[in-house]
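Asks: Listed here are the chains, written in short residue letters.
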Amino acid sequence: MAEVLVYVDHVDGAVRKPTLELLTLARRIGEPVAVALGNGAADTAATLAEHGAVKVLTHEAAEYADYLVVPKVDALQAAHEAVSPAAVLVPSSAEGKEIAARLALRIGSGIITDAVDLEAGDEGPVATQSVFAASYTTKSRVSKGTPVITVKPNSAAVEAAPAAGSVEALSVTFSAAATGTKVTGRTPRQSTGRPELTEAAIVVSGGRGVNGAENFAIIEALADSLGAAVGASRAAVDAGWYPHTNQVGQTGKSVSPQLYIASGISGAIQHRAGMQTSKTIVAVNKDAEAPIFDLVDYGVVGDLFDVVPQLTEEIKTRKG
Amino acid sequence: MSLRIVVTVKYVPDATGDRHFADDLTVDRDDVDGLLSELDEYAVEQALQISENSDDDVEITVLTVGPEDAKDALRKALSMGADKAIHVEDDDLHGTDAIGTSLVLAKAVEKAGYDLVISGMASTDGTMGVVPALLAERLGVPQVTLLSEVSVEDGTVKGRRDGDAASEQLEASLPAVVSVTDQSGEARYPSFKGIMAAKKKPVQSWDLSDLDIDEDEVGLDNAWTAVDAAAERPARTAGTIVKDEGEGGKQLAAFLAERKFV
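Just so you know, the protein sequences line up as chains V and H, in that order. Numbering-wise, the first sequence is residues 1 to 320 according to UniProt numbering. Numbering-wise, the second sequence is residues 1 to 262 according to UniProt numbering.
Just chain H, with the same shape it has in the complex (with noise of 0.2 Å):
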């Protein structure tokens, strides 16, 4: 048996840099440096937990869709242990919403074929957390997603989802969508021999044609939702601070009778 693992992951601004947006209302990339969503290294993660855990072959392929740079993304997934990689890249798609991303996913792991997809919960910069549902959807393929504890075996795939009302048990046949959240166990850091051996390994490049999409499916123009207007929220101003000599928490609660909250 063997088992094909499509993990995908996002190249993004990293979260503690100054993120904002181009002039067109997408997200600026060039300013803020980028990298492997951090949610997504938990997908990669668990991918490789399947495969060390299975007596069957797996081989796990790194997917993304995004600029030239994304390619950092899937060397740091690659030299994690991921076998091979694939980037989606072309000038048609600066500005797709999640519905289009989800149709270039879509199309390309059926074209690298699988077995089990794995995404992160969400991205770092969108935070949506809807692309595993839709790529379930187009797919046409369970949606087994949110876990914090997931495993495969003999063509199944379980896993817990931990909600808000209850923590439920999931079972699913394969071919299957699976989300793991930063709580199914962290995710390891790559070793000097992982970062050398990824140097090694086959990033294939796929453009729009390669897919069979149509330029007016996806990009900015042909996005199903529009940004009208962003504006910095105006930085907070700068409240009272004392330093506790012994009356801290008294001056505190004063405070919140101030302002009604006692």
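The following block holds chain V by itself, in its conformation from the complex (with noise of 0.2 Å):
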């Protein structure tokens, strides 16, 4: 059976959620082989054993936090030499699209970026992309060499597929461009101990009409209520309420959680686009007419800070 190489995004050996989903994925078109690099690499390998993976190429350097991409692309390129996969499959972050791209490139291959979905045809892996601020479907493939393909956080479940996983060094030899971008400061982000706002099953978000970096307190008390992430539209995040790590919308996060709830948001274009696959929408706004209207499930047309508190107050009480 072919192989297909998954890159694996992890913090120090931690594996996250989204390169769990991609082995789901991978599952669907041949064995996946995991690529795990840099500090804590091997620690990687029975998380991934468990979801699927039948090998983990692992490779330790320094270089992988000391400089920007390109040692990434390098030591892709040469898991991709080593292997001849099928397809290499990739977490469509900002930074797994860069490597993804470089390395399609390099290998004289088609890139798809941010699939929704992805399913074994005839012509090699279908990939569904989700365009036009999520208006229009599209069904992509690969029409020349290994097809690479990034997809998005929450395209696929998470599921245990125990296999070998064993471990395997990958031999690396760093490009001269490998330190062209040098790393010379990294200030980690705090933990807000909410989940991460792309991988969160549900997403709670406030826009202009929570009106004050303050006010945002009840939106977080509504997050925490339901064990969710918190959003905030572009209008809150450029005011300075809320950090642009947590914008929803094209220039921020795009999100597809099974509840998303919008508060104080009027659901112009730029925050459609980062949240209208959600599964259920719910919006509380004072404005009857505001379009994010058009896409809920439930709406409450009402002040948003008597709504909210009142909703919160009531999950607790039904939540005992």
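Among the clues, some could well be false.
[Claimed, not checked] 27 Å max Cα-Cα, derived DSSO-like pairs, lysine-lysine: (1) H:Lys243 <-> V:Lys316; (2) V:Lys279 <-> H:Lys250; (3) V:Lys182 <-> H:Lys158; (4) H:Lys243 <-> V:Lys17; (5) V:Lys316 <-> H:Lys250; (6) H:Lys260 <-> V:Lys279; (7) H:Lys107 <-> V:Lys144; (8) H:Lys250 <-> V:Lys286; (9) H:Lys158 <-> V:Lys279; (10) V:Lys286 <-> H:Lys243.
[Said to hold, decoys possible] Selected chain H positions facing chain V (Cβ under 8 Å, derived; list incomplete): (11) Val144; (12) Leu146; (13) Ala172; (14) Gln183; (15) Thr225; (16) Gly239; (17) Asp244.
[Unchecked claim] Distance windows between CB atoms, simulated: (18) V:Arg106 <-> H:Asp212: 20 to 30 Å; (19) V:Pro188 <-> H:Lys243: 38 to 48 Å; (20) V:Tyr136 <-> H:Ala257: 29 to 39 Å; (21) V:Arg106 <-> H:Ala229: 38 to 48 Å; (22) V:Asp287 <-> H:Asp33: 20 to 30 Å; (23) V:Glu196 <-> H:Asp212: 40 to 50 Å.
Because the hints were derived from the structure by calculation, they are not lab data. In this text, all values refer to a predicted model and were calculated from it rather than measured experimentally. Beta carbons: idealized from backbone N, C-alpha and C, even for Gly.
Got two chains here, separate frames each, mind docking them using the hints?
Replies: Here's what the structure looks like:
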């Protein structure tokens, strides 16, 4: 059976959820071979094996943390040469897309980014994408070389599928370009204790109607009552009320949770692009004409400062 | 010292318009008004700021690959303050994918001469966000991408890249390819004077033969990816909308409970 390379996104050996989703998709096409790089690479093996990786190729070197993107491209290219896979799958993070693109160019392959689904096809893997602010769905495939495809978080379920997951050291020779862009400093993000925005099952977002950084506390309280991630519209981020890392929309994160709760968000195209594939959408907004109400399964026309705290209290009561 | 900056820009269909696909499954450009991709305005802005903060003699060239109308995007960038423009236009370019676009841009940037290329973080139509990385790969120069802060001094470009897990400080020697995010700083509006001045600024037109690119390296038929189908997403079925009469929060909680979220 053909092998499928899966690029592992991990933090010091802790595998992030989108990689496990990739393993689910990879198994539809062939046998997943994972590639884990940098500090803690070998520690990923047990988790990857549980989810279907037949092999885990690892390489640790300081270059992966000290220089931007290119060392990882060099390694993935080495893995591609070693394995001759049927496809290469990479998580659709900003960095993942850059790695995938440079790899594709080097190996003479086409690239598809931001797939939301993947299935085997007669002419290679068929990727589903959601385009034009999610108003269209397309089916695409790579027509030249080894398909290189990046996949968005939440595109597949994480499934247990025990496999060998045998660890093999990958031999990597860094290119001259590898040390071109130096990472001279790194400030890790402080953990909020809430789920990762793109990976969360429930997202609670606030917009212009929240009207101030201090008022985001009521959005956070609702999120915490549901174990949800917190999002913000571009208007709220541009106003400085909430960090850009939490922005949902075209220039922020695109999310597709089971439940999306929009509070004080009008629903401009910029925002819709990042959330309209959510399974269930609810909104609270003062303006009955707000375009967000065209998307909702349930909407409340009212003042979010009345509705949201009452909702939070009621959820707490119901949860006991 | 002089510093030659090339800003790559894209002419895109207005995201607030009713975007759709043409019969050949390329982006339909006829039925929706086009404009300079909003995210590229940030690239033009950062080029202008680098110029304003520099003691060097800085020349800013805006470069686009696109149909005749794409000149509008160049004019906008020129009216913001760029010095000159290059328009790569050729009928054989229709349907070119990101890999092919990066080839055309790389050849054009090399022909124009550059110390620094600045791009936006992604286009607002294709939204892949991979062209700056591809361009760096093709040119064989450092990639310093997705910056929310950028500065150039003594032949070195520095910037801050805000990632999901960490915020990173980056540094590379020129020549280099930079991309900037929408967090890099509000783009200026063209002044009346700027708009008038832009009309007199030079816009060069190049076709594929000017760039030594064969027609079989670009275009829809030579793309390394193929779109087989495109379907409009069905409209969401109309939901329940209630007016808060004092119980809105409780009603919403009941709905969430019914859907098993609580």
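Asks: Please list, smallest to largest, the hint numbers that this structure does not respect.
Replies: 4, 9, 21
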